[in-house]
Amino acid sequence: MRRTVLPVLAVVLAILALWYVAAIPMNIREVLTEAERAGAEVWGGTAPERQDRSAWALVVRNPDLAPAGWSQERPRLPAPHQVVRELYASTIGEEVFGRRGFVQTGEFSNRSLIYHAGVTLGATLVGFLIGAAAGVLLAVGIVHNRAMDMSVMPWAVISQTIPIVALAPMIIVVLNSMGVQGLLPKAIISAYLSFFPVVVGMVKGLRAPDQMQLDLMHTWSASGGETLRKLRLPASVPYLFASLKIAIAASLVGTIVGELPVQRGGLGARMLAGSYYGQTAQIWAALFMAAILAALLVWLMGWLERRTLRAMGVPA
Amino acid sequence: QDAVTLQLKWVTQAQFAGYYVALDQGFYEEENLDVTILPGGPDIAPTQVIAGGGADVVVEWMPAALAAREQGVPLVNVAQPFQGSGMQLTCWADTGITAPEDLKNRTLGVWFFGNEYPFLSWMSQLGIATDGKDEDGVEVLKQGFNVDPLLQRQADCISTMTYNEYNQVLEAGVTPEELVNFKYEEQGVATLEDGLYVLEENLQDPAFVDKMARFVRASMKGWQWAEGNPEEAAQIVLDNDETGAQTIEHQVSMMTEVSKLIGESTGELDPAAYERTVATLMAGGSDPVITAAPEGAWTHAVTDAALAQ
Amino acid sequence: MANAASLSQTAAPVIDARGVNLVFETADGPVQALKDVSLSVTKGEFVSFIGPSGCGKTTFLRCVAALETPTSGALTVNGMIPDQARRARAYGYVFQAAGLYPWRTIAGNIRLPLEIMGFPRAEQDARVDRVLKLVDLAGFGRKYPWQLSGGMQQRASIARALAFDADILLMDEPFGALDEIVRDRLNEELLSLWARTQKTTLFVTHSIPEAVYLSTKIVVMSPRPGRITDIIDSPLPRERPLDIRESPEFLAVAHRVREGLRAGHVEV
Amino acid sequence: MANAASLSQTAAPVIDARGVNLVFETADGPVQALKDVSLSVTKGEFVSFIGPSGCGKTTFLRCVAALETPTSGALTVNGMIPDQARRARAYGYVFQAAGLYPWRTIAGNIRLPLEIMGFPRAEQDARVDRVLKLVDLAGFGRKYPWQLSGGMQQRASIARALAFDADILLMDEPFGALDEIVRDRLNEELLSLWARTQKTTLFVTHSIPEAVYLSTKIVVMSPRPGRITDIIDSPLPRERPLDIRESPEFLAVAHRVREGLRAGHVEV
Amino acid sequence: MTLVLLAVLLWIGAWALNGWLTRGTRHRVRAVRMAVPLIFGVTVLLVWELVVRGLGVPTAILPAPSRIGATFGANLPLLWGDFVQTILKGALSGLAIGVAAALVTAVLVDRFDVLRRGLLPVGSFMAALPIVGTAPILVMWFGFGWESKAAVVVLMVFFPMLVNTVAGLQDTTGMQRDLMRTYGAGYWPTLVKLRIPAALPFVFNGLKIASTLAMIGAIVAEFFGSPTQGIGFRISASNGQLALDMVWAAILVGALAGSAVYGIISLVERWVTFWHPSQRT
Ligand SMILES: Nc1ncnc2c1ncn2[C@@H]1O[C@H](COP(=O)(O)OP(=O)(O)OP(=O)(O)O)[C@@H](O)[C@H]1O
Ligand SMILES: Nc1ncnc2c1ncn2[C@@H]1O[C@H](COP(=O)(O)OP(=O)(O)OP(=O)(O)O)[C@@H](O)[C@H]1O
Ligand SMILES: Cc1ncc(C[n+]2csc(CCO)c2C)c(N)n1
Ligand SMILES: [Mg+2]
Ligand SMILES: [Mg+2]
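Chains as they are written, first to last, in this note's numbering: chain A, 63 to 378; chain B, 9 to 317; chain C, 273 to 540; chain D, 273 to 540; chain E, 1053 to 1333.
Hints may contain errors.
What the hints assert, rightly or not - Here are the computed lysine-lysine pairs in the BS3-like style, where the Cα-Cα straight-line distance is at most 25 angstroms:
no., chain 1, residue 1, chain 2, residue 2
1, B, Lys191, B, Lys141
2, A, Lys307, E, Lys1260
3, A, Lys307, A, Lys292
4, B, Lys229, B, Lys268
5, D, Lys315, D, Lys415
6, C, Lys405, C, Lys489
7, D, Lys489, D, Lys307
8, A, Lys266, E, Lys1260
9, D, Lys405, D, Lys471
10, E, Lys1141, B, Lys141
11, A, Lys292, C, Lys489
12, D, Lys415, D, Lys307
By construction, these hints were calculated from the structure, which means they are not laboratory data. Just so we're clear, the structure is a prediction, and the values are computed from it rather than from any experiment.
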């Protein structure tokens, strides 16, 4: 325990320190412009002239003004405490004290990241299930049918070079025109991103049994279905979970991408709204929320993996 | 009740207050309409949505609508709530830009995704090339969603709407004196914004025309209500915003500016303004937005029916 | 083929190979894995195959089990072609590694072929119990493979091959991965098992003492192309204590095997 | 430690172990891998270690090579502690698998220790050539490991261990993965190699004939806890044709080893 | 409708053909190995064409492949410019920087165990930050040019590359390491002569993942601000103009570039890690 906690803490502290230091030069120009508007004397000439000077020079020559970079309204790089404050305000703060918060209304407020994380989570899980199921089915097909293996596999690789993210708005419009609305279009994009790792992992996993194990099945004249159920599927479980962990993270990205164009809630919509109104702290808070969600989902997969493997008698 | 799906051009904000108010205040219901409002967003093209059958009527800018018409999506303007144009180019005054000619050799932020047409027409009328920074050309950036390029001085000028981005610049602490605005209207290159468009073939159906008439009537009622009650309208918009990211202050100020653009509008398209828009779009030099004057791109049939009552 | 089948009917050998050839087409050209292999095995025999790596021992066993098909020649098992015999579940196959499925208990592993062959549940249980006792693993049924030593795992895999009472036991270097002392033990046990069940057994090994100790017939093979160089009928009695390995008869047979091997051996 | 070192100075054994103990702390509690192991090896001896799996053969070799550190007891190599000897590059270690790096040619693999030890380039080439000839692999230097048979790979790994002329050759079941015939060949070659180079050799094996055939001294070990149960000085002459394995002296030693093994062996 | 029916028949026919081609030992023939995926791809395109025509799908929704091809051919100079902007400047420079940084970090992480235990968990958390969120921030920091695209790519490829390389550096057997120890080899010889060669297959694995990510990352970042050139810009701007044929032509550029880079990496892998079992078939 201590062997991991201490190094992680050290790294986190180092990152925080770096972050605080970086926030000063990152925000210095805007800080100086504001100070100038407020009538302060600023080193470095006019705003356009300052544009050509190095940020560090501006920091060093305006030492009293520089620390304001930690408390700006619209920072280029918000200081960690600003992000944390926003994260708190848009979760617990909003739900407990907000006008539309959970405590007041019994429903999660649409101004809170908890609500939006929920929206995203729903579509992610649906998309993940679709993607994982499609991936497993495709892998079974590929393993059992050489024609499918040879024809589909190269195209599956190429399909991943298509910037689906760029296509997301189009896909949503097209699906919309076919009457598919709400959670499903997002889930489909999410499924598209998650099926590939599952296919790759499952094909590997279903092919994991060695010739000897397959020959055994053959000497018992087991059918293809029996070999699949009693040998290939159990043998593929570790591979399956390894790819599910990648897939669920990809799923989340897919959902967020699907939420960008349609401003109907979810962390993606939230990030964009933050960006749209220049609310840097809001983007960062949504971003961290997404990362936390991803970490939770991956952890969940790991937990399921451990449970499954234990149930299968594999030593812990 | 008749179902109507309305696709907006952009995210839920006071720019579309009239429709939300009509929905919220039951004006649509009074007209026996069941209206669904689909918010837009970046990279959602209302023209594409309606072409695919995802909406009955869309809020769109006329340049994009006419361009789509040439692309084979026969859109027809049935109503024009916005009489004025809110588009402008906002520049830092300290860059020394005072007149359109000063734009040469500068970096400008422009919205694309079908919103670039007015800008391109304007530049071609000024004889300024848009493919690079030089003596008689400008460098064009595909502006993102916000006003950061200006604040960070990555661009000398950016596109803003009087009712939205311009306010955002001010909200960021910039004083109006620090800025120079080129309103498209004042430059004589204004194009009609935020009209209501439907597919031409649907207008053959009298029932559809009637439905649209009721829709436009209720929507205009909503706009009037919104103009009269900007604070409440802003709150209604806020309540309909599923992202929960809007602030009441910003929406109220947006409502105030939008009111100016709507003015005394009845929703009826002013044919003169239409002709002006078409002229601007066709004047685009070697690469005009539309190549031929469109036929039947607007109708008063719906507004006539709406105003008849 | 019909001819071979009718012949085997009269002489009733369990396995009858006549001029079996098998050529693998590989990227580097054809490999003659078996050349003109003829062999007849009668019921209840214990036949060992010995020979250097690549001489076709495994390939021959796989042909018998219908896991490969000879390029030419006649091969019958119980008077049928091997694939029919496979469908009739005539084989219990034991590989070099135990090859137990790690996600099944020992009992579960032994039950697997029974499940596939559709034995009723009660019958499955009974058979699993019986073969577990047979290989001296009673009480270990609920353990997982990794909880057992290598020798125990190998015995479990033999139990698995015995569970469905196949006529023929095919063993491809079943004890190759085990150390000498464990191997001695298992050899002893295998011999007594064979004495009790009287199953026809084909056994591949690299070890001369093992081959001589276990077999009623020793087939010496030689590679490139894989062929039979000697077939030795063992003069040893059926009853064989471990000490027999230091007897002169034993050493004589071992010597003949070694000579046969050395003759066929070309390059390391 | 100082005491042990001074002692070895006088008697000059190459390897001197006195009451070596090694306990591994594992998740399931401590495992006594070596208990009270005492052994003295003089220059030029060929010592085989035999015993069932887990008796500590590998562990003892690793202690000698300073890959493990004994928990207690005194162990010196050339009068130094093993780690000093390691830094002085006193060991050539040959593992069970050839362990050649697949991205290097045979010559490149043999050159590897020479590069690390900073031999000049010309010297490297000369040595590589010499040891390739020594193990009968001249002409194979530019092949990659996977293009060679298992036996050839194993010879290459022996060549690699010989290339830098270490005082002591440590071999941990170097032929365990090979078939009996190849093994016989390599045993013969190893013996002649040893006769020519007179390197002190510690050799781990599972095979009784191998141990008896090769060694001047056979150490029989027994597991749980790992300890030495018998040390047999071989009465066989240094000159040993393969046939010696059928001689009465050989069989007598083999019998003694087998008895020693059986005594120490508890459960399969 | 007949066209749609034709599409269905075509699909069944092609499937049967591929089934026939892959039966028995025919699939070992080189020409067959090439033909089968090609037949599949061509079939998909033909079915697409027939369905679009048969159902009269508007071009504003989905253009036919023939039209996409025509647009692609007619706009080669324009698309070449986009390719240079997005792939050569944005994606490849970002890929190079990200990969180099990851390799150096991997060696450090491998050397200092504390770093491994501290950095990898934190790193995996950072890697979970979705790029659609970080891209607007990076555009704000690094401007509208290719530099911000490269920055997005660096962020995207760094962690997968790091994880793979670290795994690779540790993928040596105890025996291989012990061998080095018996030679008295120190850290650097062991790194150079053992760990790095052993890590190469993993490094290439990571490179393959990273290269596809790089293409996608560079394109996506252009959605959040770009000059008036680039694949992402083209997709977005053309989509707004309902020029869907141009959108797909730009996507084609991206897919071609991605596949080409992937192919090149696979070739180099085959050449450099020729010794690895997976490359020896
Ligand atoms: N599937 C295959 N494809 C091509 N060649 C094969 C195949 N299986 C075996 N061979 C070749 O056929 C020959 C005989 O192989 P086989 O496995 O029967 O030998 P073996 O006597 O069992 O050897 P070992 O003692 O190493 O197990 C060898 O040269 C081998 O390389
Ligand atoms: N690194 C280790 N950690 C814990 N226990 C170990 C370790 N290495 C060896 N052991 C244990 O020490 C004992 C002796 O192991 P060792 O490898 O020396 O046996 P061996 O005689 O070489 O056996 P084999 O013939 O199987 O190679 C065994 O019980 C083994 O499980
Ligand atoms: C990516 C993107 N950026 C800007 C616009 C332009 N736009 C259309 S309506 C509107 C409302 C004013 O706030 C704005 C800004 C767009 N459509 N898409
Ligand atoms: Mg074999
Ligand atoms: Mg060992």
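Unmet hints by their number, sorted upward, for this structure: The structure conflicts with hints 5, 6, 11 and 12, although it agrees with all the remaining ones.
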